[in-house]
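Visitor: Sequence order for the protein chains is P and W. The working numbering numbers the first residue of the first sequence as 1 and each following residue consecutively. The working numbering numbers the first residue of the second sequence as 1 and each following residue consecutively.
Hints were generated in silico from the structure; no laboratory data involved. We put the beta carbon where it would ideally sit given N, CA and C, even for glycine. Heads up, some of the hints might be wrong.
Pairwise CB distance ranges (calculated) [as the list claims (entries may be wrong)]:
(1) P/14 <-> W/287: 24 to 34 Å
(2) P/201 <-> W/59: 44 to 54 Å
(3) W/49 <-> P/105: 47 to 57 Å
(4) W/26 <-> P/65: 49 to 59 Å
(5) P/65 <-> W/380: 41 to 51 Å
(6) P/6 <-> W/52: 36 to 46 Å
(7) W/371 <-> P/55: 25 to 35 Å
(8) W/52 <-> P/452: 25 to 35 Å
(9) W/26 <-> P/68: 49 to 59 Å
Using 30 Å as the maximum straight-line C-alpha spacing, the simulated BS3-like pairs for lysine-lysine come out as follows [unchecked claim]:
(10) P/142 <-> W/43
(11) P/512 <-> W/305
(12) W/441 <-> W/85
(13) W/385 <-> W/375
(14) W/357 <-> P/38
(15) W/43 <-> P/321
(16) W/14 <-> P/496
(17) P/38 <-> P/26
(18) W/441 <-> P/45
(19) P/203 <-> W/327
(20) W/201 <-> P/380
(21) W/357 <-> P/49
(22) W/421 <-> W/201
(23) W/398 <-> W/385
(24) W/14 <-> P/58
(25) W/14 <-> W/43
(26) W/289 <-> W/327
(27) P/333 <-> W/155
(28) P/409 <-> W/303
(29) W/303 <-> P/54
(30) W/375 <-> P/364
(31) P/45 <-> W/188
(32) P/468 <-> P/380
Which chain W residues stay away from chain P? Per the calculated CB distances, all over 10 Å, these [what the hints assert, rightly or not]:
(33) 102
(34) 182
(35) 232
As a plain string of letters, each chain reads:
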Amino acid sequence: MNKKEIIQAHYQEPLVFELEPTNYPKYYAPEIPPEIMKNVPATDKLIPKEMLRKEPPKLPSVAEFQLARHYLHLAQMNYSVDTNFYPLGSCTMKYNPKINDFLSMDRRLSDVHPFQPARTVQGNIRILYETEQMLNELAGMKRTTLQPSAGAHGELTGILVIRAYHYDHDEGEQRTEVIIPDSAHGTNPATAAMAGYRTVIIKSRENGLVDLEALKAAVSKKTAALMLTNPNTLGLFEQEICEIADIVHDAGGLLYYDGANFNAIMGRCRPGDMGFDAIHFNLHKTFATPHGGGGPGAGPVGVVEKLVPYLPKPLPEFDKKTGTYYLNFDMPKSIGKIKGFWGNFNVIVRAYAYMLSQGAEGLKRVSEQAVLNANYLKKKILECNAWTLPYAPETPRKHEFVLEGQKLKEETGISTLDVAKRLLDLGFHAPTIYFPLIVHEALMIEPTETETKQTLDKFAEAMKQIAKECREQPELLVNAPQNTAVPRIDEVLAAKEPILSWQMYQERQTEK
Amino acid sequence: MTNQKEGSADTIQKEMEAYLGIRSIDELFEDIPPSVRLNRPLKLPAAKSERDLSLYLDEILSQNLPVTSFLGGGAQFHYIPALVKEVITKPELLNAYTPYQPEVSQGMLQGLFEYQSLINELTGMNVTNASMYDWPTAIAEALLMCRRLFNNRTKVLLPQSIHPDRLSVIENYLAGPKISYELISFNKETGELDLEDLRTKMNENVAAVYLENPNSFGVIESEAATVSQIVHEKGAKLIVGVDPISLALLEPPANYGADIAVGEGQELGTPLSFGGPYFGFFSLNYDRKIIRQMPGRVVGLTKTKDGTKRAFVLTLSTREQHIRREKATSNICSNESILAFGAGVYLSLLGANGLRKTAEYCLKAAHYLASEINKLKHFEAPIFKGQFYNEFVVRVTKGTMAEVETRLVEEGFVGGYTLEKCHPELGETAIFCTTEMHTFKDIDRFLKVLRKIDKDLGGGA
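With the sequences and hints as input, model every part of the structure.
Guide: Structure, rendered in structure tokens:
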């Protein structure tokens, strides 16, 4: 038996509500100035009596030192890309340079209100302006809105812009369908549905690419758009992209590019040159902004010239005459706003810093290394002879690849879920699993460019060890993980008897 | 044993290429059709060293003018305790993805579970999701959710006082599912929702009514309970937008019948950052059926499979896009987790007393400022009789608010958010906001400038 390795702290950490109450040392909120206290009536005179809170909220009564320990313990039970390899397919978990975080904390950025007059925020608008210029060039687009909060939010923005275009050309009522390949991210069909469209799913061909015949059969005067990511979720480049674009455009539809996989192609080719009309970027993926355990992200949307009038407002502009930057709200055909204010500025600043520190050459190099790492790791893992590479096995992948665990499951009974959990035991984050849906027992692996060959080799060795364990010590997999903060979690129980808060937990305790 | 490092970085790259049987990385890109290849360098600046990047950004930021502002309108300047900043920049939390593998993500999951529970204490409900993008999108998603709870109700009602940006976001979200909306006017005297107008517009086609409390004029809706009654009599849902810090003083929305509470979480430990990222909170009371329509991620408490330990996990995910695809409750995937986590730190550190004191500061500073402005000859504040929290509408009766703003900026101040575009019927107005960041000195200096401006406006009205 392998000896149990500890790869994470194991605390029985109480909930913040369960920490021992103390009022020493207490937290001092600022005192209300005496001049104000003197001149203003008591609180209960300032609030309508029916709206005056009767019972204070039951917040914890704890001291800073207790919380500092509490959150340190929580952090020590959390895996991050700063911990180790994070090959989560489609998520581009690259290293986030520290300088970007430091710069984003400058008070001249962080303490600025979004409604301040333009003359007081020239620097900030300039950052928006220059970020946009760089994104336009990278994607081959005319203009880019920085407003959307995340990738899915960018998708919604892009599809609403396309919708506005069709309505402006009197085809809004007629174009009711969005075409999506069966390999697409779940957000694509969810976005199309949210924007009021019927989704038409087209099957991938045996080589994993869009089936041109199926696409021809699917397009019609009802087609509003095709949503596509290129390279697709199998990591394969859609080689017939020009034909795809022609088919959709000939039917009067537009092409939307899901930018989740943009890390594969920077400086090599551009969505605009491939015939795409709109694209979202995931700044938290390609442009190294921290994902914060789920967010924030930022999902700027770039568009070709004919869609520019419909972009959310405002767009940042530079007035050459006066040499000043401003936000342009004068966009009569704009869809309006998709979120409050101008975008996730603090995320945008980090992406801006990232692009400036990489430069033109560096960004191209990012994609090259990401693709080299993916193909290297793919070949290494295939040597285990445990997983297969479905769809066009001879074609190089781009930034990620998808393995199939069906054969392994049939032979040993070990599922991809078990493999993923065992990887956690061996000190790695698991790949994305069970996606895309067109691969059985899928393992979607994206190493990114910021990993050494040694790390890739170690990960491949871990996979080899797991392949062996599947046959020789399956209990290690079925019972995995054991070395993590907690062993395998009962997710079915969580959904069957939901306890979604401390309040529900207490209710449940009293019922018992 | 680990392998000894051999050779330079370049030889390692060559080794990898040799292993793949390629002579150059270009071969890995050969399946890109030549016609779409970019055969020129990107037109982007050359790489900057870390030093040069810092200097460059410093130069750009020196173009910003430091000002003391009294702006609110959906984003407020509050103090952020050092602990909050320290916790949310811990690399283990900041540089993690969505906790898809719960066994190695207990820290993030527990912190979010605590956040959910802490917000519940403010709203009086027992479920809060793990965050939405911001307040406006939280309102929009709440409206969509209410629409899904009914077969045939296709309309929603919104307050006319709502901030125009929030309304614009809502319009975009309502467009797809073809939900129509009507605006309920406000009482011109009090600034509160016009109950008669609400009664007139309520019918069996209305899925939800959205109320803000305090509303976009800063006015506290004293008759929120009556609003709730009117809405529920017709079987519709009530969504209430609240200011989280104000809830230390104001009734929790659940107590006057709100079905969903939403709001801007930025106040709770997130910097202003010129507008984002912020986060929206989204609360409701647990109901087995209704919860199935909730958008966004939610963390649940469960056990380990061996039954030995309490553990946390993202749950009820069959509502979400990665499982349900086009039938999902929302397309939201990334949210604003680390900011929500930070709000949990903020609320835990301040506690009920700290939060109450902060809220009272905001409230009283606003009342002091309003009463002093009201003493000026050409200014009225607040223009509504309804009681207010920390925002209030100011009217200038001579000249324009834009002129006043220009003068203020010259003196290093920014006043309120002008309402001329969205509410021209109110005259030359702006909405001012105070928080605990305004010292007495700030307020006093600001008033001196306003007095000077008032004087310069001259004698007649």
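Visitor: Against this structure, judge whether each hint is valid.
Guide: Checked hints:
1. Restraint check, residue 14 of chain P to residue 287 of chain W: a C-beta distance of roughly 29 Å satisfies the suggested window 24 to 34 Å.
2. At roughly 51 Å, the beta carbons of residue 201 of chain P and residue 59 of chain W sit within the given window of 44 to 54 Å.
3. A C-beta distance of roughly 20 Å is found between residue 49 of chain W and residue 105 of chain P, which places it outside the suggested range of 47 to 57 Å.
4. For residue 26 of chain W and residue 65 of chain P, the Cβ-Cβ distance of about 57 Å falls inside the hinted range of 49 to 59 Å, so the restraint holds.
5. Restraint check, residue 65 of chain P to residue 380 of chain W: a C-beta distance of roughly 49 Å satisfies the suggested window 41 to 51 Å.
6. For residue 6 of chain P paired with residue 52 of chain W, a C-beta distance near 43 Å keeps the hint of 36 to 46 Å intact.
7. Checking the proposed 25 to 35 Å range against residue 371 of chain W and residue 55 of chain P shows it holds: the Cβ atoms sit about 30 Å from each other.
8. For residue 52 of chain W paired with residue 452 of chain P, a C-beta distance near 27 Å keeps the hint of 25 to 35 Å intact.
9. Checked against the hint of 49 to 59 Å, the pair residue 26 of chain W and residue 68 of chain P passes, with Cβ atoms roughly 51 Å apart.
10. With a CA separation close to 14 Å, the supplied pair residue 142 of chain P and residue 43 of chain W stays within the 30 Å bound.
11. Proximity of residue 512 of chain P to residue 305 of chain W is assessed by CA-CA distance (about 21 Å); at most 30 Å being required, the pair is judged to hold.
12. Between residue 441 of chain W and residue 85 of chain W, the direct Cα distance comes to roughly 26 Å. Compliance with the 30 Å bound is thereby established for this hinted pair.
13. With a C-alpha separation of about 16 Å, the suggested pairing of residue 385 of chain W with residue 375 of chain W holds against the 30 Å cut-off.
14. With a CA separation close to 16 Å, the supplied pair residue 357 of chain W and residue 38 of chain P stays within the 30 Å bound.
15. With a C-alpha separation of about 24 Å, the suggested pairing of residue 43 of chain W with residue 321 of chain P holds against the 30 Å cut-off.
16. Simply put, residue 14 of chain W and residue 496 of chain P have alpha-carbon atoms about 53 Å apart, too far for the 30 Å limit, and the pair is violated.
17. Simply put, residue 38 of chain P and residue 26 of chain P have alpha-carbon atoms about 26 Å apart, close enough for the 30 Å limit, and the pair holds.
18. The hinted pair formed by residue 441 of chain W and residue 45 of chain P meets the criterion: a straight-line CA distance of about 25 Å does not exceed 30 Å.
19. For a cut-off of 30 Å, the pair hint linking residue 203 of chain P to residue 327 of chain W stands: about 19 Å separates their Cα positions.
20. Simply put, residue 201 of chain W and residue 380 of chain P have alpha-carbon atoms about 67 Å apart, too far for the 30 Å limit, and the pair is violated.
21. Straight-line distance between C-alpha atoms of residue 357 of chain W and residue 49 of chain P comes to about 19 Å, which keeps the hinted pair within the 30 Å bound.
22. Restraint check for residue 421 of chain W and residue 201 of chain W: satisfied, since their Cα atoms lie roughly 25 Å apart, inside the 30 Å limit.
23. The suggested pairing of residue 398 of chain W with residue 385 of chain W holds, with an alpha-carbon distance near 21 Å, which does not exceed 30 Å.
24. For the given pair, residue 14 of chain W sits about 62 Å from residue 58 of chain P by alpha-carbon distance, which is inconsistent with the 30 Å threshold.
25. Between residue 14 of chain W and residue 43 of chain W the alpha-carbon distance is near 29 Å, which keeps this suggested pair within the 30 Å criterion.
26. Our distance criterion of 30 Å between C-alpha atoms is met by residue 289 of chain W and residue 327 of chain W, whose separation comes to about 16 Å.
27. Taking the CA atoms of residue 333 of chain P and residue 155 of chain W, the gap is about 25 Å. The hint holds against a cut of 30 Å.
28. Under the criterion of a C-alpha separation no larger than 30 Å, the hint pairing residue 409 of chain P with residue 303 of chain W is consistent with the structure, at around 27 Å.
29. The straight-line distance between the Cα atoms of residue 303 of chain W and residue 54 of chain P is roughly 36 Å, outside the 30 Å bound, and the hint therefore fails.
30. Pair hint residue 375 of chain W plus residue 364 of chain P does not hold up; C-alpha atoms about 63 Å apart against a cutoff of 30 Å.
31. A hinted pair counts as satisfied when its Cα atoms are at most 30 Å apart, and residue 45 of chain P with residue 188 of chain W qualifies at roughly 22 Å.
32. Among the hinted pairs, residue 468 of chain P with residue 380 of chain P is consistent with the structure: their alpha-carbon atoms are about 15 Å apart, no more than 30 Å.
33. Not every beta carbon of chain P lies more than 10 Å from that of residue 102 of chain W, the smallest distance being close to 5 Å; the non-interface claim is violated.
34. The beta carbon of residue 182 of chain W is kept farther than 10 Å from every beta carbon of chain P, the shortest such distance being approximately 18 Å.
35. Non-interface status of residue 232 of chain W relative to chain P is upheld: no Cβ of that chain comes within 10 Å, the nearest being about 17 Å off.
Hint violations for this structure: numbers 3, 16, 20, 24, 29, 30, 33, all remaining hints satisfied.
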